[in-house]
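First to last, the protein sequences are chains A and V.
The first sequence runs 14 to 356 under the numbering used here.
The second sequence runs 5 to 325 under the numbering used here.
Don't read these hints as lab results, they were simulated from the structure.
Be careful, since some hints might not be right.
Said to hold, decoys possible - Label-pair ranges, simulated between beta-carbon atoms:
1) V/321 x A/336: 54 to 62 Å
2) V/321 x A/134: 35 to 43 Å
3) V/126 x A/86: 44 to 52 Å
4) A/341 x V/202: 40 to 48 Å
5) A/218 x V/126: 34 to 42 Å
6) A/331 x V/284: 52 to 60 Å
7) V/197 x A/64: 51 to 59 Å
Beta carbons: idealized from backbone N, C-alpha and C, even for Gly.
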Amino acid sequence: MSTSSHVAPPTTSAETLKPLCQQAFKHMVRARVLEDKLASLYRAGGRIVGGVYVGRGQEALSAALTVHLTKGKDLYAGLIRDQAGKMAFGESILDATRTYLGSVLGPMRGRDGNIHRGRPREGMPAMISHLGTMVSVIGGMLLSRRLQGTIGDCVGATCIGDGGTSTGAFHEAVNLAAIEKLPMVISVANNLYAYSTPNNRSFACDSLVDRAKGYGIEGYAVDGTDLPACVETFRHAVARARAGHGPQMVVGTFLRLSGHGEHDDASYIPEEVKNSPQGRDCLPLSEQKLIERGWFTKEEVQELYDNAKDEADKAIAKSSSEPLPDPYKESWNALASPLLVEE
Amino acid sequence: MSLTYLEAIREAQYEALRRDPRVFIYGQDIGKFGGAFKATKHLDSEFPGRVIDAPISEDAMVGTAIGAAIEGSRPIIEMQFADFSSVGFNQIVNQAATQFWRTNVPCPIVIRLPSGGTAGSGPFHSQSMESIYAHYPGLIILTPATVEDAYHMLLAAIDLDDPVIFCEHKFLYYHLKADSLPDATLPIGKARIARPGRHATVVAYSAMVHESIRAADELQQDGYQIEVVDLRSVKPIDTDTILASVARTGRLLCVGESFPWGGVTAEVIARVVADGFHLLDAPPQRLNAKDTPIPYHPNLWKAHRPTAASIGAELRKLLKF
Ligand SMILES: Cc1ncc(C[n+]2csc(CCOP(=O)(O)OP(=O)(O)O)c2C)c(N)n1
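Kindly produce the complete structure, drawing on both the sequences and the hints.
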């Protein structure tokens, strides 16, 4: 395998791909349905504090990564638009709605919101806003396991957008992971825009995959609207990482089908980009592909949507009725060492 | 046995590596080379695989430590110079400092910052960063001034479940010696009366404790007894010990080697004015480095940071008030 490989060899049998694609598609639907509901709650006003950031159009790439990971064994740092990936990794829908709605029963207890959630002890560090910073955190988690002799064949996956690949944090961390030959999979979601900034103002190389070569790691390009291709590519990359071939970078390309957040109407995206092949929506496209292959019937897909709606409604209703943080009951203490807390 | 401040830091790391398999050290040139200041000399051969050379990537070094801490390790990061921690600033103040508060998962990392000035080091190898990090909730900032504290406070820092910024002073590396180490020092968060007195209090930390003691020795010849309080840790800060000292002396000068704007000295003065205004017989004063980048030539450098002479002059003004 040369380090400049751009397309993963299509070696996966239909038997293997089928359950993985079915899995991934199910979580794509769940993510889309949940995020549509959160977005409309946001627009209705009053219930959601802060912004809503959705992954519309990114679900295929996102879920295709984590169907190859096992919660409790592997590590996963999903980013802004990785609702589908988080769900496929096993994040409960309640963790998402509780965080958006500020419930104290959520993993962030009202202390942090929307996409900034995680359960670090369960292999899902909670992202901070600063882009690029989670790559080295996953690297450190892997390094620690290696030092403690508990790493086994686990893989740590981390996500970044096209914009985030310009940060120093990203470059430092990928380089470090390459030096240490960590079993890391780096998913680069090139959705063509960083907030309003198009690719040509974010980087000057032809393809972000070219960067892999610079770090001495293996890199692959994939059409991010094509679910079976994404699953196939990540299957290869995750297997390579597990087998000790060091960090793997997968760059998926597609268009972000929304604004940066629900506050942004994305009027800066020209019509011709929206109408280009990259502007296709991975969700109906995947549905069509899976039905064509006989991996789902129309009825089964409908059932997935119905179940997802039910699940999302229940989670939102439950989270909405839960206690909100109370400033009088809050421990205003940022330290884990209670003896060192100042009055 | 005689031990320098630098050797105490090395010994503390040796002890931590020896007694706790979760500890590892990560930093530039710390392996075979033993570190730019030799604070990790021989540790690599004694603990193979646990004293790891890092690329020049301070952001990723701190991020790596945070990830490792989440997974149960207790990493020590050596910054080659405190100054370069600014490249890892984001990970320190946004990722490490917020980790426990946001997620309820502790972040036990220690970041060693070789701090402060030595003659000829110039603007980028002489800075003191304690004030900057102390500004952020979720971090503990230690500033040991003695060989004993360098040893015991580093060990205590490694045991703490919070991110610790360990500001060790480069000037003290070779200048301080102790004949032996006591079994323990004061706990973290407690200040120490480094020299008792009754006419004025100097609150200082790190290398400035020694300059302040020299100034106090000089003023003794004129019959003044100056009390010197060594903060030891700037966060948490031991306001009680400071106020008790001011209650004895009625006068306060706070000395720090970092830049004058805001910072530890301002914090001490603010606390004393707020909580102990009635104890004061004179307006409290502070003395810091000058408000310029740190100069290279020793002639300039000696005038740039507080010294026994400038502290003494400031004290004389304060005593006359
Ligand atoms: C270091 C940093 N600078 C700026 C921001 C503000 N910001 C949040 S998202 C974003 C755009 C990110 O673009 P990209 O990485 O391509 O991801 P996408 O939102 O397209 O998925 C910006 C500028 C940030 N979060 N972090």
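Tested hints:
Look at residue 321 of chain V against residue 336 of chain A: about 57 Å separates their beta carbons, and that is inside 54 to 62 Å. Distance hint check: the CB atoms of residue 321 of chain V and residue 134 of chain A are about 56 Å apart, inconsistent with the given range 35 to 43 Å. The beta-carbon spacing between residue 126 of chain V and residue 86 of chain A, approximately 50 Å, falls within the hinted interval of 44 to 52 Å. The hint said 40 to 48 Å for the Cβ distance between residue 341 of chain A and residue 202 of chain V, and at roughly 44 Å that hint holds.
The hinted range of 34 to 42 Å is satisfied by residue 218 of chain A and residue 126 of chain V, whose Cβ atoms lie roughly 37 Å apart. Between residue 331 of chain A and residue 284 of chain V the Cβ separation comes to about 57 Å, which falls inside the hinted range of 52 to 60 Å. Roughly 52 Å separates the CB atoms of residue 197 of chain V and residue 64 of chain A, a value that falls within the hinted 51 to 59 Å.
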